[in-house]
Amino acid sequence: MTNHPANKNRILFRISALLLAGCSFGVGAQDDLSLNIQANILETTCQLTVQNGGAIHLPTVSVNYFSDRGSPPSPILPTDQLGGYPFTLSLSECNDLIENVHFSFAPQSGNFASGSKQVFISETDGSADGAKNVGLVIFSREYNTNVLEADGSSDVNFPMNAATPVAEKTDYHFYTRYQNTGAVSAGQVTSKVLVSVSYE
1 MTNHPANKNR ILFRISALLL AGCSFGVGAQ DDLSLNIQAN ILETTCQLTV QNGGAIHLPT
61 VSVNYFSDRG SPPSPILPTD QLGGYPFTLS LSECNDLIEN VHFSFAPQSG NFASGSKQVF
121 ISETDGSADG AKNVGLVIFS REYNTNVLEA DGSSDVNFPM NAATPVAEKT DYHFYTRYQN
181 TGAVSAGQVT SKVLVSVSYE
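For the sequence shown, this note's numbering gives the first residue as 1, with consecutive numbering after it.
It is possible that part of the hints are untrue.
Mimicking DSS-like on lysine-lysine, the simulated pairs with C-alpha atoms at most 27 Å apart in a straight line are [claimed, not checked]:
{"hint": "1", "residue 1": "117", "residue 2": "132"}
{"hint": "2", "residue 1": "192", "residue 2": "117"}
{"hint": "3", "residue 1": "192", "residue 2": "132"}
By construction, these hints were calculated from the structure, which means they are not laboratory data.
Can you build the whole structure from these sequences, using the hints too?
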């Protein structure tokens, strides 16, 4: 399996943290520590691109957009499928030996919006021109589910059908929308999201 460079960085960080913890326990002890690292090398790797160079602009909405909906009225949840602004992730230069493509999403800052690990934090929340209590959610169009699990983990898996060569399945569709996490005030919303792809 080949990982996007962002995944490699996270894996290296986890290994470093493990080694540091092991060293703190090893002071004065004579125990050996063995570490096994396994990796796969492929002939070629897929290239990942995001439409518009990764810049996605949502339309301007009023504060009333976040009002409770339904009968009886209830708040909009991060798992509610209400549609949103579409965007595409594209893979190219892949070989035909891929059986599964996995996308994972994470906030670049490592922080989620207050109260939910399924909402990407707005980097402008708390700034003078930033909207308060608004983040973003991202959904897979194929599955109509939030790309983040309740615990903040992410793995959107697309199994490859043997009848459809990988070269023909290059575009993966998602959509994003605003999500309130409390009482909303007007302002700018900006969220930075890391997207990683791995395949096997």
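Violated hints - listed by number, lowest first: As far as the earlier hints go, not one is violated by this structure.
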